[in-house]
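Number 1 in UniProt numbering belongs to position 1 of the sequence shown; there are no gaps in the numbering.
Everything labelled a hint here was simulated from the structure, so no lab data went into it.
Quick reminder that beta carbons are idealized off the backbone N, C-alpha and C, glycines included.
A hint or two may mislead.
[To be verified] Restraint ranges, calculated between C-beta atoms of paired labels, are given here:
#1 VAL7 / LEU66: 37 to 45 Å
#2 ASN6 / THR82: 34 to 42 Å
#3 LYS72 / ASN13: 50 to 58 Å
#4 PRO23 / THR82: 16 to 24 Å
#5 ILE2 / GLU91: 22 to 30 Å
#6 ARG54 / GLY81: 51 to 59 Å
#7 VAL7 / VAL62: 29 to 37 Å
#8 LYS47 / ASP12: 42 to 50 Å
#9 LYS21 / LEU86: 19 to 27 Å
#10 ASN58 / GLU4: 21 to 29 Å
[To be verified] With a straight-line Cα cutoff of 27 Å, these simulated BS3-like cross-link-like pairs (lysine-lysine) come out:
#11 LYS65 / LYS83
#12 LYS50 / LYS87
#13 LYS47 / LYS72
#14 LYS47 / LYS87
#15 LYS21 / LYS50
#16 LYS65 / LYS50
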Amino acid sequence: VIVETNVYITRDNILPIYAGKLPNDVNSWVLRHIMNQEMILQAVLEKDLKLAFRAFYNDPLVESKLNHSTAKELFDRMVDGTKRFLKYFEEK
């Protein structure tokens, strides 16, 4: 596990700087990204491109700009354009 945090570094010590609790609106935004990252990992582990698309479409930058069918078309084009690197997904 890797945890990123702010720290105060001195000659002899490294001390984390506690930033406090996230505001609820920020926390909900962060949780959505955490859920997407978990969904992407699950898609890879299960070799499931349908689940990978769900994570792709759930990204706020995708969902807010593209309708479902346009996002699916873009996702399919990206997968098709990189399929030589995605052979793992073919090994079911």
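* Which numbered hints does this structure break? -> 4, 6, 9 and 15
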